[in-house]
Amino acid sequence: MKALRTLSVTSELPAELEGLRTLAYNLRWTWNAETRDLFEALDPRAYEESNRNPVVQLGMVPARRYSEVAADPKFRSALEDCLADLDTYMTSERWFQKEVPAAPAIAYFSMEFGITPTLPIYSGGLGILAGDHLKSASDLGVDLIGVGLLYQWGYFSQSLNREGWQQENYKQNVTEDLAVVPVTDADGDQVCVNVTFPGERIITIALWKAQVGRISLLLLDTNVEGNDEGARQITDRLYGGDHFHRIEQEIVLGIGGVRAVERFAELEGRRERDVFHLNEGHAGFLGLERIGQLMGKGLSFDAALTKTRAGSVFTTHTPVPAGIDRFDAGQLRHFLDADGNGISRLVPNLPVEAALALGVEDGGQIFNMAHMGFRLSQRSNGVAKLHGETSRRMFKDLYPGFDEAEVPITSITNGVHRRTWISRPMDALYKSVFGDIDLSARSDWSQLGTLSDKALLDVRNTLRANLVERAREDVRRSWVRRGAHPGELGWVDSVLDPNVLTIGFARRVSTYKRLTLMLSQPERLREILLNEERPVQIVVAGKAHPADYPGKEFMQRLVQFADDHGVRHRIVFLADYDIRMAQYLVSGSDVWLNNPIRPEEASGTSGMKVALNGGLTFSTSDGWWDEMATDDAGWTIETVDIEDRAERDRLEAESLYNILENRIVPLFYDRDESGVPAKWLQMVRNSLVEIAPKVTATRMVRDYVEQLYAPASQSVALFANDEGLSHEFAEYKQRLAQGWGGVSVRDVEDSVNGDVLAVSASVELGEIHADDVQVQLVVGSANEDGELEDPITVAMTQGVDGRYAAEHPLETLGSVGYTVRAVPSHRVLAHTAELGLVHVAQ
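Residue numbers (full-length UniProt numbering): 1 to 842.
Among these hints, one or two may not hold up.
Claimed, not checked - The list that follows gives simulated cross-link-like pairs (lysine to aspartate or glutamate, EDC-like), each with its CA atoms no further than 20 Å apart:
1) LYS694 to ASP444
2) LYS679 to ASP631
3) LYS74 to ASP85
4) LYS385 to GLU690
5) LYS297 to GLU723
6) LYS552 to GLU168
7) LYS98 to GLU706
8) LYS679 to GLU353
9) LYS74 to GLU16
10) LYS694 to ASP631
11) LYS74 to GLU40
12) LYS431 to ASP453
13) LYS733 to GLU353
14) LYS454 to ASP427
15) LYS74 to GLU34
16) LYS297 to GLU789
17) LYS297 to ASP328
18) LYS297 to GLU262
19) LYS297 to GLU728
20) LYS385 to GLU789
21) LYS171 to ASP578
22) LYS454 to GLU731
23) LYS733 to ASP750
24) LYS733 to GLU767
Stated by the list, open to error - Pairwise CB distance ranges (calculated):
25) GLN172 to GLU647: 55 to 61 Å
26) PRO321 to GLU473: 38 to 44 Å
27) GLU176 to GLU404: 49 to 55 Å
28) GLU728 to ALA795: 21 to 27 Å
Source of the hints: derived by calculation from the structure; they are not laboratory data.
Glycine included, every Cβ here is placed at the ideal spot set by N, Cα and C.
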C-alpha cells in the first residue's frame, strides 16, 4: 500500500545532553578519539548510518536512547570530561601565545579544505594540506581565520564500471547535515557581503562558519535567495565549469573573502588581520581588493600595492606550468569592468590596467594568477626544498638579472596533522614512550628508538590486518557496484593476506605520478606478487580529475591487470579514496610507493602519514623525500635524467623492480627463530626517530609563523608606525625605475694580500641617491663556464675617494671568481631581488 505522504521524524536533544551539540559542531572531534568514542557509544547504529557524522547522528538517535544515556552516570561523566577537555583546549595558552612576540593575525585563503569527509569541500592534496594547516594552527594556538567556499556539490564520489573505468557521482550538500552554522548579526540574521559583477549585477554571498578546534573557517555561499540562477551556481562544484566560471569562483573567494573576514572580525571583536596567506593563486583577487580599499583611503596605486605586499604571503604548489591558473586577459578585463575613467566597478578605486599589469604575460594576452600572487606578496614559498628550487627556476624571469638562487622564493616543506593521521594502536605506542603530552612543539622524538621489537611488530601486524579487513569490505562493495552478484563474490574473502608484505600506493591519478610504472613488466610484477615463499601485495587507491582522460586510462589499466592476470587477491584498487580510507591505508601499509617524474611532485604528503604510523618510504627522489631521504629509513628509486621519456620510465621501473626484489622483500621476510624481522624493525625505528618529527604539520605551521607570518607582520607594523612610508617607498621605486639606466659599475680593481681578496670599483649612480643602493662584492667558486657557484655577497663601502671597496678572506682552494654589482637598498625591501633591478660590472 502506498503512503499518502511521508514525514521526516527526528528526535529532540534533551537539555541535559545539549553539550553533545557543542561537541558535534566543533570539528576537533575529527582528531579527538575520546569525543568520537562518545558519539559511537551514544548510538552505534546511528553513528554508522550517519556516516560517522555527529551532526546528522543527533537527529537519528531515538528519544528512548536519549533518555537512557541521560540517566547513565558513566555516559554523563564521559560527556562532561569531553566538554571540559574541549574548554581547556580552546582557552589555554599554547605555543603561539607563549613563544611568539608581537603575534601576527592571519587570514588563510584556500579554494578547498580537507578536514573530514563529512564536510566535503575538498578534492585532494591541496585541500588536505589546507585542512591540516588549520588543525595544526589550532593545536599551536595561532591567531588564524580560514576562508574558503561552501560548495553545493563538493567533489565527486568514485565508482568503477565493469570494464574498470572511473564513474563520477555527485551528491548535493545539505547545510543542515554539515558542521557549519550561519554567521549572524546582532539581530540574528545571516550576514552577507556583496560583489558587483559587470552590468551592475550584484552577487550576494552568505557567510557560514565551521569551527576547527580554535580556528574559525569562514565559508562563502552564493546559493542565496535573491541571486539570479547563474549567481547561485558560482559555488556549485569544486573546480567545476569553464575558465569563466573559475574566475567567478576566485573573485568570490578573494574579493568576497576579504570583505567577509572584515565583517566577521568586526562582529566577533577580533583583531584586524595583518597577514593574508594566499594558498595558491586561486586567492589572488584578495590582493586587488586590499589595494582598492587602501586607495579609497587616499593612497596611490603604488603605495597601496606596497602596503598590500608587506602583509601578503603566497604559497605555490605546482612545479609545472600546466598546473597554474592562466586566463584570457580579456576575461579579466571584463570582470574588472572599467568605468569611463579606467577605474574598476568590481573593486572600487582600483585602476584596471595597473591591476592587469600584475599578472599579464605573452604580450598581454594571458593573465597568470601565479605571477599576480608573486607580485602581490612580499614573501612567497614552495612546499619542499626541491620545489623551492624548481619554483625559482620557473619564475626567474619575474626577477631579471638575478641568478636562480637569488629569486625571492623560499620553501617550507609540507607536513601532516599527526592526530588526524596516526592510528590508535600506533598512538598508544607513542604514549607508552612520551606519556600523554602534547608533541606539537617538540622536535626530538629520539625516545621512539627505545620501542621494543615485540611492541612494534604487534602494532604493525594489527594495522596490516585492519587494512586487509577494510579492503575486503571495500572490494566487495566496489564489485557489487560494478554489477557483480553478491553470490559470485566468495573469492573476496581471500583477497589480501594479513601476513604478507603490503605496499600502498594512493594519490590523485595523474600522468606524472605514474600509477602504471609498476606495470612496466607485467609478468615480472606477477611473479613478485605470487611468489610462494615471499609474496607481495599492493593496495591502490586514487581519483582522476573528471576531465583527465589519460589519468583515467592509467587507472583502468591497473584495474584490468588485477582483473585479468590471476592476481586479484594480491593487488586491489579501492574505489572512492577519501580521508577515511586514507587513514586505514596509510596506517596498514608496510611500504609506501611513490614514483612521480622528478621534479614534478611539489611535495606530496601521503608518505608522511605512513611514516608516522611506522611504515617505510619507497620513492623517487622528489617532493619531500628528496630532502629527507636516508637509506636507514627507506629506499630511493634511481632518477634517470634523459630526454627520452619512454626510456626513462623503463630504466626507473627497472630500478623499482630491483630494489623491491633484492632489498625490500628479503628484509621484510628475513626473520629470526621467533619470527621477528629485526633489521626491518630497526628501519622502522629509524624512520620514527629521523623522519616522523620532520613531517608534522605543527612543524610546518611553526615554520610559517617564524619565517613568513611574523616577518610579514613586522613589515606591516613599519607602515603602521610611519604613515608616510608607503608614499616614500612608492616614490623610491619610481625614482629607481626612471634612473636605473644611468647606473654603472666600472673600473674594477683587485689585489690579493695573503689570503685576503681586496676589490674596489667606481660606481656611477646618475640621478639616484647613494643611499638608494647597495654596492656588493659577490665572491664564489668559478666553474668551467665562469659562473659563480654558492656565491657570498659582501657590502662594499664608499671611501673618501668616492670608490667602493671591500675585502674578503679566501677560504677555499681552486678557481675563485668575483664580480661587483649595484642593487636597490631600502628598509622596506625583504629581498635583494624584489624589484628585479641589478647592475653588474661588465
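How the hints compare with the structure:
For the suggested pair LYS694 and ASP444, the alpha carbons sit about 9 Å apart, so the restraint of at most 20 Å is met. Proposed proximity of LYS679 and ASP631 is supported: the alpha carbons are some 13 Å apart, at most 20 Å. Our distance criterion of 20 Å between C-alpha atoms is met by LYS74 and ASP85, whose separation comes to about 16 Å. Between LYS385 and GLU690, the direct Cα distance comes to roughly 17 Å. Compliance with the 20 Å bound is thereby established for this hinted pair.
A C-alpha spacing of about 12 Å is found between LYS297 and GLU723, which places the hinted pair at or below 20 Å, so the restraint holds. For the hint linking LYS552 to GLU168, the alpha-carbon distance of about 11 Å falls within 20 Å, and the restraint holds. This hinted pair checks out: LYS98 and GLU706 have alpha carbons roughly 13 Å apart, not beyond 20 Å. As the CA atoms of LYS679 and GLU353 are separated by approximately 64 Å, the hinted pair breaks the 20 Å bound.
Restraint check for LYS74 and GLU16: satisfied, since their Cα atoms lie roughly 14 Å apart, inside the 20 Å limit. At most 20 Å may separate the alpha-carbon atoms for a hinted pair to count; LYS694 and ASP631 meet this at roughly 16 Å. A threshold of 20 Å between alpha carbons decides the hint, and for LYS74 with GLU40 the separation of about 14 Å falls inside it, so the pair holds. At most 20 Å may separate the alpha-carbon atoms for a hinted pair to count; LYS431 and ASP453 meet this at roughly 17 Å.
Between the alpha carbons of LYS733 and GLU353 the distance comes to roughly 19 Å, so the proposed pair stays at or under 20 Å and holds. Proposed proximity of LYS454 and ASP427 is supported: the alpha carbons are some 16 Å apart, at most 20 Å. Pair hint LYS74 plus GLU34 holds up; C-alpha atoms about 14 Å apart against a cutoff of 20 Å. Between LYS297 and GLU789 the alpha-carbon distance is near 47 Å, which puts this suggested pair outside the 20 Å criterion.
Pair hint LYS297 plus ASP328 does not hold up; C-alpha atoms about 31 Å apart against a cutoff of 20 Å. Simply put, LYS297 and GLU262 have alpha-carbon atoms about 16 Å apart, close enough for the 20 Å limit, and the pair holds. The hinted pair formed by LYS297 and GLU728 meets the criterion: a straight-line CA distance of about 16 Å does not exceed 20 Å. For the hint pairing LYS385 with GLU789, the CA-to-CA distance comes to about 18 Å; that is within 20 Å, so the pair holds.
Between LYS171 and ASP578, the direct Cα distance comes to roughly 15 Å. Compliance with the 20 Å bound is thereby established for this hinted pair. Proposed proximity of LYS454 and GLU731 is contradicted: the alpha carbons are some 69 Å apart, above 20 Å. Proximity of LYS733 to ASP750 is assessed by CA-CA distance (about 32 Å); at most 20 Å being required, the pair is judged violated. Restraint check for LYS733 and GLU767: the C-alpha separation of about 13 Å stays at or below 20 Å, so the hint holds.
At roughly 48 Å, the beta carbons of GLN172 and GLU647 sit outside the given window of 55 to 61 Å. The beta-carbon spacing between PRO321 and GLU473, approximately 41 Å, falls within the hinted interval of 38 to 44 Å. Range check, GLU176 to GLU404: about 52 Å between beta-carbon atoms, so the 49 to 55 Å window is met. The given range of 21 to 27 Å is respected by GLU728 and ALA795, whose C-beta atoms sit roughly 22 Å from each other.
In terms of the numbered hints stated before, the structure departs from hints 8, 16, 17, 22, 23 and 25, listed from lowest to highest.
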